[in-house]
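Protein chains: 2
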Amino acid sequence: MLALEERILTDGKVLPGGILKVDGFLNHRIDPKLSYDMACELKRLYADAGVSKVLTIEASGIALACMTAYVFGCPLVFAKKSKTSNISSDVWSSQIESFTHGNTNTVVVSKEYLGPWDRVLIVDDFLATGAALLGLQDLVHQAGGIVVGAGIAIEKEFQGGGNELRASGMRVESLARISRMTDDSIEFVH
Amino acid sequence: MLALEERILTDGKVLPGGILKVDGFLNHRIDPKLSYDMACELKRLYADAGVSKVLTIEASGIALACMTAYVFGCPLVFAKKSKTSNISSDVWSSQIESFTHGNTNTVVVSKEYLGPWDRVLIVDDFLATGAALLGLQDLVHQAGGIVVGAGIAIEKEFQGGGNELRASGMRVESLARISRMTDDSIEFVH
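Keeping their order, the protein sequence lines are chains A and B. Heads up: take any position in the first sequence, counting from 1, add 16, and you land on our numbering. Heads up: take any position in the second sequence, counting from 1, add 16, and you land on our numbering.
It is worth saying that the hints were derived from the structure and are not from the lab. Careful, some of the hints might be misleading.
For chains that are exact copies, the list does not tell them apart, and a pair is met inside one copy or across any two.
To be verified - When the alpha-carbon atoms are kept at most 25 Å apart in a straight line, the in silico DSS-like pairs for lysine-lysine are as follows:
#: 1; residue 1: K59; residue 2: K99
#: 2; residue 1: K29; residue 2: K49
#: 3; residue 1: K49; residue 2: K99
#: 4; residue 1: K29; residue 2: K59
#: 5; residue 1: K99; residue 2: K29
#: 6; residue 1: K49; residue 2: K37
#: 7; residue 1: K97; residue 2: K59
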């Protein structure tokens with residue numbers, strides 16, 4: 017998506033350790049018009065997929081996911097990071113390793129809000145190693161639902177997670193796919 | 017706002033300890049159309065306030081705040097809960113006590129994204145003791161900006177925070193104001 021790539025080139029900063037800082041428009045300060053335009057592009061890509069629910073994980077995925085659910089006319093559910101190790105029996109739970117923060121989170125979704133009746137589009141701001149998508153897919157599968165695919169703002173393709181998920185059979189659509197980043201250049205896959 | 021009050025009566029559950037569970041449409045599963053309608057009502061209330069930025073706190077305020085920023089045509093900034101006690105010099109930081117979770121969080125906003133040029137509408141899903149609003153107001157004041165007011169989905173008026181803030185001079189608009197909750201009834205202020 018050209019508008020997103022241009023915004024990454026204008027406002028993104030490459031930090032040491034393979035981190036792309038886009039907190040000026042995507043995950044700290046958010047440009048809601050760009051989020052809306054990204055949501056419309058996801059709607060175009062998944063128009064015929066029968067999406068009944070959008071699923072994301074708190075916190076930085078929520079803005080894009082909420083816009084996406086709005087455009088699809090379906091509910092959004094966000095998986096919560098659990099603060100306790102005691103997981104109650106009324107939630108689906110999974111483990112997600114965070115590339116950015118270097119820790120592991122237990123994420124939960126109430127069983128009331130994710131079930132076998134669901135055709136789920138997973139939405140997130142970033143795709144790197146794929147750990148978050150795997151964890152969210154695991155929640156949907158525990159619930160007996162179907163993952164129709166993933167809609168991602170920025171994929172760091174060079175970290176491999178997206179292509180592994182595609183090889184495993186998941187449909188993954190990323191609105192900007194970065195093949196290579198250096199201190200002074202960002203290259204996209206088209 | 018009638019549609020919100022009706023939804024609270026239909027889907028809300030009163031739990032022991034003064035907790036109102038509305039995670040079926042507001043803060044776990046989200047109804048994005050209702051979020052959009054609430055955002056439009058906040059736009060109507062604050063139409064002439066010159067809002068240049070919407071500010072909220074992760075995670076459950078983000079969906080409504082993103083819709084609100086979209087309707088106002090301005091950026092959204094969400095304050096992040098800091099995981100470390102080492103606060104860097106490039107952020108504004110404040111302390112917020114959580115009524116629901118019984119703990120205190122340090123919240124931060126990058127100095128780049130909040131400054132003296134800002135006229136800020138603070139948006140959140142709940143207002144109870146007012147601790148979150150006070151913390152967010154503190155961030156705006158540190159930055160030298162102006163708080164034009166707060167836009168809240170549900171105010172638990174009986175907890176007093178909203179009226180204390182109003183008495184202190186803050187404009188607080190809540191789309192549903194609950195005066196009294198029991199196991200089997202919820203009463204609103206009009």
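Status of the hints after comparison with the structure:
no., hint, verdict
1, K59 x K99, "neither (33 Å within a copy, 35 Å between copies)"
2, K29 x K49, "within (21 Å within a copy, 34 Å between copies)"
3, K49 x K99, "neither (33 Å within a copy, 30 Å between copies)"
4, K29 x K59, "neither (28 Å within a copy, 33 Å between copies)"
5, K99 x K29, "between (31 Å within a copy, 22 Å between copies)"
6, K49 x K37, "within (19 Å within a copy, 31 Å between copies)"
7, K97 x K59, "neither (27 Å within a copy, 31 Å between copies)"
In summary, the structure is inconsistent with hints 1, 3, 4 and 7 from the numbered list given earlier, while agreeing with the others.
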